[in-house]
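Using the sequences and the hints, build the whole thing.
Residue numbering for the sequence shown follows the UniProt record's numbering, starting at 1 and increasing by one per position.
None of these hints come from the bench; they were simulated from the model. If you're wondering where the values come from, they're calculated on a predicted model, not measured in any experiment. Every residue gets a Cβ at the ideal spot worked out from N, C-alpha and C, and that includes glycine. Certain hints may be false.
[Stated by the list, open to error] Between beta-carbon pairs, the in silico distance windows are: (1) P187 with W552: 28 to 34 Å; (2) G510 with N443: 28 to 34 Å; (3) G510 with S263: 28 to 34 Å; (4) E23 with P514: 51 to 57 Å; (5) P442 with R215: 29 to 35 Å; (6) S137 with D216: 40 to 46 Å; (7) P213 with E40: 49 to 55 Å; (8) R365 with P345: 19 to 25 Å; (9) G510 with A264: 25 to 31 Å; (10) Q383 with D284: 40 to 46 Å; (11) N42 with M308: 52 to 58 Å; (12) R329 with W552: 39 to 45 Å; (13) V211 with K175: 20 to 26 Å; (14) P213 with G72: 43 to 49 Å.
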Amino acid sequence: MDIRKINDSISVSPQIKLEDAHELARLGFKSIISNRPDGEENGQPTADLICMAAEAAGLEFRHIPVVASDIGDRDIALFDEAMKDLPKPILAFCRSGTRAATLWALSQAPSLGEDAALSATKAAGYDLSQLRTRLSSTSSAESTSATDAKSSTACDVLIVGAGAAGIATAASLLKRRKCLSIVLVDPSERHAYQPGWTMVGGGIFKPEDTVRPMRDLIPDGAKWEKASVAAFEPDHDRVVLSDGRRISYRMLVAAPGIKLNWSAIEGLEETLGRNGVTSNYRYDTAPYTWSLVQNLKGGRALFTQPPMPIKCAGAPQKAMYLSGDHWFRQGRINDISIHFHNAGPVLFGVKDYVPALMEYVKKYRANLNFASKLLAVDGTRKQARFANTAADGSVTEETVGFDMIHVCPPQIAPDFVRDSPLANQAGWIEVDEASLQHKRYPNVFSLGDAAGTSNAKTAAAARKQAPIVAENVLAVLDGKAMPAAYDGYGSCPLTVERGKIVLAEFGYGGKLLPTFPTWIIDGTKPSSLAWYLKAEALPPIYWHGMLKGREWLVSPDLKKTAA
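Structure representation (structure tokens):
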């Protein structure tokens, strides 16, 4: 190896061999940076192979591939970030060492000055005097905008949102390529298993069992930036955080989730969690649902569903079924009048599951009100106002009294998504439904609730999408054709009674996509095995499988592409 020391923190060299990793560790190096694109030369070991060799030798590894004639500001920022993050001393290499030395000089000139940077690289055997003008302009930019430079970072893959979709994608990416520089941006201190909140509202789960500290869930190898995103700037390959900092990226995965628009219903925010007004869509009010259900001896119980799209389209009626089941078991079902107000035209969007659901509607004596949209709630008077749309399109308003009301709020994309260049006309992130790649920005992908796809917005959908996005992101990074396609799979375990579930699994166009053969679980019928899956198996699969990159039953079918 021709190792040339620049300073105590970094040395550079020409291409290394796989067997050199252990020798570098013996020499005292702690990290390796590769600045060579894969396939640049016949016989060149890939970055993945060098990453594995480095890991086996106990070294950190970072791949920042650049072409000598096309070193951009983002490449410089990535190198600077690596210099800050990686344990030292570092060996950076390329074909001859020149690109590595160049990146070091360009990234460090703002703090060292161009003379010091050029002197250090020349002493190492690299004459970069032709860079003086660029180094000088870099230093000048630093002096005139020091705050911006010091507050900016860069990464290979930036993931916005550390919910189910974001963390699962990070884990799936790192499972495939450990050397990636991944940053997860999310302001939350805790992560919630939201599918469990319906079970909390039915008295089956404890609320504290549905949340864990965010820090415990960020995958090893990913960096968590505890911050909010203020804006996307895809034309500049960066996002702006709420505190003004910027993060540049090679690839962006947008998984910011959905906004629960409580304020769209007049009076709801003022009374939610008291006066008989509840919702399983919030951690703090789901227990109140169960309290109301237990204490209601008679009267009228309302359950509402807003216009689509919403996350987990079955959740509003799950609340109704579990409540009805409790009242049925307690012998109160004849004393409680159940009303389901759905802004949509049907009970469930995939007709194959409706017959089984209707049996429970009859069992619980529920009154179905379609095209009935909740407009306002007055908790003090215990009244709800609805807009009812007739077949001819005419709309009339109706005020209904209640003893308890379970509200599913209207849902929209987050504000910073709707106001961004990434959004489609409806405000969702505009992606291709199969590849999940943005239609106008090839290095942007989206999944989960904020993606502008027509699938059901469920955790099961995100679980299926995450490895597909991981495969396609890596393909685009490598300049290859995307190998994976999403079929719209989503799952909605409809808890029709304690101990039984109608397991709805379907994809684009309402096509049934069952995971199990019908002799194990027939999803169109109530099943106790499906209940076991929901109540016992899915939570550990979520925490220990999905969020850890274990792709049980969801590994994507990959199209073969030319090398």
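For each hint, the structure was consulted:
no., hint, in the structure
1, P187 with W552: 28 to 34 Å, "holds, 30 Å"
2, G510 with N443: 28 to 34 Å, "holds, 32 Å"
3, G510 with S263: 28 to 34 Å, "holds, 32 Å"
4, E23 with P514: 51 to 57 Å, "holds, 54 Å"
5, P442 with R215: 29 to 35 Å, "holds, 33 Å"
6, S137 with D216: 40 to 46 Å, "holds, 44 Å"
7, P213 with E40: 49 to 55 Å, "violated, 43 Å"
8, R365 with P345: 19 to 25 Å, "holds, 22 Å"
9, G510 with A264: 25 to 31 Å, "holds, 27 Å"
10, Q383 with D284: 40 to 46 Å, "violated, 24 Å"
11, N42 with M308: 52 to 58 Å, "holds, 54 Å"
12, R329 with W552: 39 to 45 Å, "violated, 34 Å"
13, V211 with K175: 20 to 26 Å, "holds, 25 Å"
14, P213 with G72: 43 to 49 Å, "violated, 37 Å"
Going through the hint list in order, the structure does not satisfy hints 7, 10, 12, 14.
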